[in-house]
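Undergrad: Residue strings, one per chain:
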Amino acid sequence: MTTSDTTGKGKGSFAPLAATRRPFFKLSDFVLEAILLAIILLLAFTAPGFATWDNWMNILRNAAMTGIIAFGMTFVLILGEIDISVGSGLAFFGCLLAVVTDSMTTAGWSAEISIVIGVVLCFGIAILAGMFTGWVRHVLAVPTFITTLAWMAAFRGGAYLLTGSFPVTPYPDWFFFFGSGAIFGIPFQAFVFLLVFIITWFISRYTVFGKSAYAVGGNAESARLSGINVLGIRMAVMSMIGVFTVLSAIMVSSQIQAGNPTVGVTWEFTVITACVIGGVSLMGGKGRVWGTFVGVLFLSIMLNGMTLLNIDEYWQYVARALLILGAVLIYQVQAMNARRG
Amino acid sequence: MMGPAKLEISNLTKAYPGVLALDDFSAAFDGGKVYALLGKNGSGKSTFVKCLSGAVVPTSGEIRIDGVEARFKGPADANAAGIAVVYQELSLILDFTVAENIMLGRFPTMGPGDITVDWKKTNAHVQDILTSLRIDIPVTRKISELSVGQRQVIEIAKAMSLNPRVLLLDEPTSALARHEINSLLEVVRSLREKGVAIIFITHKLNEIRSVADYVTVLRDGRLVGTVPIDVATPKVIVDMMFGETTLQSRPADLKVGEEIRLKVTDLHRKDKYEDISFDLRAGEILGIAGMLGAGRSELLRGIFGADAIDGGTIVLNGTEVRRPTVTRMKKLGLAMTMENRKEEGLIQIMSIEDNLCLASLDEVGQRGFLSHFLQAPVAEKWIGRLQIKVSDALQEVQSLSGGNQQKVVVGNWLNTDPKVVFFDEPTRGIDIVAKQQIFQIMWDLSRRGLSVVFVSSELEELLEVCHRILIMEAGRFIGEVLEPENTPIETLYAMCMGEMAK
Ligand SMILES: Nc1ncnc2c1ncn2[C@@H]1O[C@H](COP(=O)(O)OP(=O)(O)OP(=O)(O)O)[C@@H](O)[C@H]1O
Ligand SMILES: [Mg+2]
Numbered sequence: 001m002t003t004s005d006t007t008g009k010g011k012g013s014f015a016p017l018a019a020t021r022r023p024f025f026k027l028s029d030f031v032l033e034a035i036l037l038a039i040i041l042l043l044a045f046t047a048p049g050f051a052t053w054d055n056w057m058n059i060l061r062n063a064a065m066t067g068i069i070a071f072g073m074t075f076v077l078i079l080g081e082i083d084i085s086v087g088s089g090l091a092f093f094g095c096l097l098a099v100v101t102d103s104m105t106t107a108g109w110s111a112e113i114s115i116v117i118g119v120v121l122c123f124g125i126a127i128l129a130g131m132f133t134g135w136v137r138h139v140l141a142v143p144t145f146i147t148t149l150a151w152m153a154a155f156r157g158g159a160y161l162l163t164g165s166f167p168v169t170p171y172p173d174w175f176f177f178f179g180s181g182a183i184f185g186i187p188f189q190a191f192v193f194l195l196v197f198i199i200t201w202f203i204s205r206y207t208v209f210g211k212s213a214y215a216v217g218g219n220a221e222s223a224r225l226s227g228i229n230v231l232g233i234r235m236a237v238m239s240m241i242g243v244f245t246v247l248s249a250i251m252v253s254s255q256i257q258a259g260n261p262t263v264g265v266t267w268e269f270t271v272i273t274a275c276v277i278g279g280v281s282l283m284g285g286k287g288r289v290w291g292t293f294v295g296v297l298f299l300s301i302m303l304n305g306m307t308l309l310n311i312d313e314y315w316q317y318v319a320r321a322l323l324i325l326g327a328v329l330i331y332q333v334q335a336m337n338a339r340r341g
Numbered sequence: 001m002m003g004p005a006k007l008e009i010s011n012l013t014k015a016y017p018g019v020l021a022l023d024d025f026s027a028a029f030d031g032g033k034v035y036a037l038l039g040k041n042g043s044g045k046s047t048f049v050k051c052l053s054g055a056v057v058p059t060s061g062e063i064r065i066d067g068v069e070a071r072f073k074g075p076a077d078a079n080a081a082g083i084a085v086v087y088q089e090l091s092l093i094l095d096f097t098v099a100e101n102i103m104l105g106r107f108p109t110m111g112p113g114d115i116t117v118d119w120k121k122t123n124a125h126v127q128d129i130l131t132s133l134r135i136d137i138p139v140t141r142k143i144s145e146l147s148v149g150q151r152q153v154i155e156i157a158k159a160m161s162l163n164p165r166v167l168l169l170d171e172p173t174s175a176l177a178r179h180e181i182n183s184l185l186e187v188v189r190s191l192r193e194k195g196v197a198i199i200f201i202t203h204k205l206n207e208i209r210s211v212a213d214y215v216t217v218l219r220d221g222r223l224v225g226t227v228p229i230d231v232a233t234p235k236v237i238v239d240m241m242f243g244e245t246t247l248q249s250r251p252a253d254l255k256v257g258e259e260i261r262l263k264v265t266d267l268h269r270k271d272k273y274e275d276i277s278f279d280l281r282a283g284e285i286l287g288i289a290g291m292l293g294a295g296r297s298e299l300l301r302g303i304f305g306a307d308a309i310d311g312g313t314i315v316l317n318g319t320e321v322r323r324p325t326v327t328r329m330k331k332l333g334l335a336m337t338m339e340n341r342k343e344e345g346l347i348q349i350m351s352i353e354d355n356l357c358l359a360s361l362d363e364v365g366q367r368g369f370l371s372h373f374l375q376a377p378v379a380e381k382w383i384g385r386l387q388i389k390v391s392d393a394l395q396e397v398q399s400l401s402g403g404n405q406q407k408v409v410v411g412n413w414l415n416t417d418p419k420v421v422f423f424d425e426p427t428r429g430i431d432i433v434a435k436q437q438i439f440q441i442m443w444d445l446s447r448r449g450l451s452v453v454f455v456s457s458e459l460e461e462l463l464e465v466c467h468r469i470l471i472m473e474a475g476r477f478i479g480e481v482l483e484p485e486n487t488p489i490e491t492l493y494a495m496c497m498g499e500m501a502k
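Residue numbers (our numbering), protein chains in the order written: chain A, 1 to 341; chain B, 1 to 502.
For the record, the hints were derived by calculation from the structure and aren't laboratory data. Be a bit skeptical, because a hint or two may be false.
FRET-style restraints, in silico, Cβ to Cβ [what the hints assert, rightly or not]:
no.: 1; chain 1: B; residue 1: 107; chain 2: A; residue 2: 334; range: 32 to 42 Å
no.: 2; chain 1: A; residue 1: 335; chain 2: B; residue 2: 114; range: 31 to 41 Å
no.: 3; chain 1: B; residue 1: 11; chain 2: A; residue 2: 307; range: 55 to 65 Å
no.: 4; chain 1: A; residue 1: 309; chain 2: B; residue 2: 69; range: 38 to 48 Å
no.: 5; chain 1: A; residue 1: 140; chain 2: B; residue 2: 317; range: 33 to 43 Å
Yeah, the Cβ is synthetic: ideal placement off N, Cα and C, and Gly gets one too.
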């Protein structure tokens with residue numbers, strides 16, 4: 001047991017203690033990472049074809065689509081909010097892009113210009129929708145769960161209305177690069193995934209914006225009374241996840257070579273699952289982008305491994321459930337130990 | 001009825017990372033007596049309470065109640081063993097009545113299958129409890145209709161309804177008005193007659209005199225001693241708490257300048273305050289006195305932009321502001337420490353370091369970038385200057401003792417480099433030496449030409465610290481004290497009660 005004398009004796013002086021050294025590395029902070037490593041090793045020896053380059057690229061490709069959105073969701077959850085419209089959003093933006101491209105090319109525009117305009121339109125709508133959600137949350141105190149529930153219905157409906165419920169396939173060959181292309185044998189999505197990870201990780205740790213988001217999630221009233229622009233943070237974060245949803249939608253469209261209104265069903269849950277596994281708190285104020293990164297990989301690797309091991313799809317759901325409960329259990333026990341000392 | 005209780009503590013120790021909050025603490029507390037438990041901020045008083053309430057598990061040591069060793073896994077165990085605790089934070093359900101709150105979880109039932117609550121019995125039972133404690137509050141009144149002081153009293157009644165052998169009160173009076181404190185002390189006195197051992201934590205030495213039988217002092221988690229109340233003069237108590245110290249009074253060299261820093265004209269807000277006009281000059285420390293509910297906090301919050309105002313003008317450092325917002329006023333050099341540090345001043349789950357940078361994130365950051373390396377020097381500076389007792393600046397701020405949390409709030413705002421600072425009840429829950437440090441901070445600000453507005457329910461403090469005191473009652477200024485140093489406390493008190501209003 002280490003003890004240190006924290007007060008000056010007598011004299012009533014409070015000599016502040018120099019910061020105690022915190023251990024540089026504590027294994028208990030890396031439980032999730034350790035388990036993931038163990039699972040990787042296990043799968044490498046048991047699952048045929050797991051430890052191959054192609055399979056790993058496959059894992060990355062799958063992880064990327066939901067992962068990008070999960071980084072946005074991390075901020076949303078840190079803020080103490082939620083966004084359940086991302087799955088429908090994915091379908092809507094994919095369809096919007098396809099329909100815009102389709103109608104513009106039919107009207108004689110070049111595919112390049114049509115796609116660029118479609119993408120800009122998607123980003124614009126996503127940002128406006130996010131700003132609206134944040135604004136309504138702030139000014140009228142409407143929970144984001146409600147507003148995004150409405151968006152969820154609107155986006156899915158919109159996707160069907162736009163396409164007449166049939167996939168639209170207007171894309172030129174070069175567009176498929178975003179979903180199926182590779183650089184040095186590494187899938188294009190993997191680069192986007194890593195890039196978004198690095199950017200959001202940096203924002204969360206090294207910017208005033210990131211710190212403000214934690215502050216708002218920790219206690220919005222204290223944050224407001226400290227002069228932090230709470231409305232701005234809320235609008236920005238809700239827009240940010242929209243932007244990432246559009247990014248993901250572009251890659252999905254490219255991969256399936258179409259705008260399809262049926263994609264993305266239940267993606268919101270996959271995304272939130274990854275965050276929760278990574279230790280992000282739904283109560284707000286707590287969570288790390290790194291945790292989400294590990295959570296995303298954890299999910300993809302588990303699913304990939306089980307598929308390789310020919311485990312029945314239904315059992316995969318059971319595994320997912322155990323994963324969520326297990327992770328939450330670990331975090332709660334850790335938090336309790338910290339609290340009770 | 002059982003005989004007087006007996007609580008014995010032997011070698012109780014509680015270690016947190018980097019600090020021994022309780023260090024081999026042994027003491028005995030007898031029933032039928034009131035013990036005032038004193039000690040400076042962070043000396044381990046609340047930790048002691050938490051060990052007894054089952055909220056934390058002691059590292060080592062033994063607790064005996066009536067000679068029987070007690071080990072608590074959680075608060076329920078502690079209740080069962082006869083320990084009841086009243087915390088400063090209220091745990092009542094606002095929309096429930098007094099009776100519902102007190103009987104929650106153990107309503108008497110009736111009817112087939114015993115599934116209907118017997119309200120008659122509930123109310124009658126609670127009425128008995130209140131009567132026995134000489135509390136005069138209707139049992140069917142909703143908590144939301146009661147004053148903070150009445151809520152605190154109900155909290156005690158709730159604790160007492162479990163028939164505890166030991167009652168612990170952790171700073172029950174720090175948020176109460178003077179007359180509410182009196183009725184609370186009255187309740188404590190009537191409990192003493194029931195043979196309960198009462199441990200009463202407070203930082204207000206004047207309360208101790210009227211209620212305590214013994215004074216027990218903790219320093220750095222260790223027992224300094226227990227003395228009977230009649231030998232416990234303020235000097236003895238302060239020496240026990242701090243070792244040798246001298247308390248200072250306002251330095252003579254503090255000048256009020258000519259320049260007007262803040263000019264408020266005809267400020268009003270419906271049902272809160274009206275007809276508010278005053279000037280605040282460079283270097284001036286202006287006190288605002290008044291009873292709870294006089295509108296002091298509301299007024300400051302209005303000027304600061306925390307709440308809306310209905311009308312009036314504010315001129316801050318030469319800039320006229322019609323619709324203040326916190327962000328705007330902060331830019332113009334106004335700072336304000338809120339009265340409720342827990343809910344409004346701090347972000348409990350963030351680190352001490354983060355909380356010290358909260359109001360100045362834009363300045364601490366560089367072009368929007370921020371890191372531990374930019375924040376750490378800021379934190380270190382204020383921890384040093386304000387002598388905040390911290391073992392690690394990266395710990396969550398909620399691990400600090402109450403008084404040290406208050407200093408973090410102050411540091412957070414001083415770091416914005418303000419020209420005018422509003423302090424709303426800054427001394428709530430902090431020990432005498434820490435209070436002195438807050439006064440020193442105000443005097444320092446004044447010496448540097450900054451202006452201070454100081455709201456406090458402790459009238460002595462206002463007289464000690466301020467150049468001038470405005471008296472507020474029911475949302476209006478009704479009087480002014482121009483020479484606080486020559487004004488007796490009784491005069492100020494009478495003015496606040498509205499009797500001597502001009
Ligand atoms: N959960 C915790 N983790 C780490 N340190 C803690 C924790 N809780 C309390 N401490 C430390 O233990 C010491 C005693 O704290 P405690 O709250 O008991 O003081 P106190 O006497 O009640 O002070 P105050 O008068 O300010 O309320 C302090 O140094 C505090 O920082
Ligand atoms: Mg305390």
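Undergrad: Each hint: holds or not?
TA: Against the structure, the hints:
Between residue 107 of chain B and residue 334 of chain A, the C-beta spacing of about 37 Å keeps the proposed range 32 to 42 Å intact. A C-beta distance of roughly 38 Å is found between residue 335 of chain A and residue 114 of chain B, which places it inside the suggested range of 31 to 41 Å. For residue 11 of chain B and residue 307 of chain A, the hinted distance range of 55 to 65 Å is satisfied, since their beta carbons lie about 59 Å from each other. About 54 Å separates the C-beta atoms of residue 309 of chain A and residue 69 of chain B, a value inconsistent with the hinted range of 38 to 48 Å.
Residue 140 of chain A and residue 317 of chain B have their C-beta atoms about 35 Å apart, which keeps the hinted 33 to 43 Å range intact.
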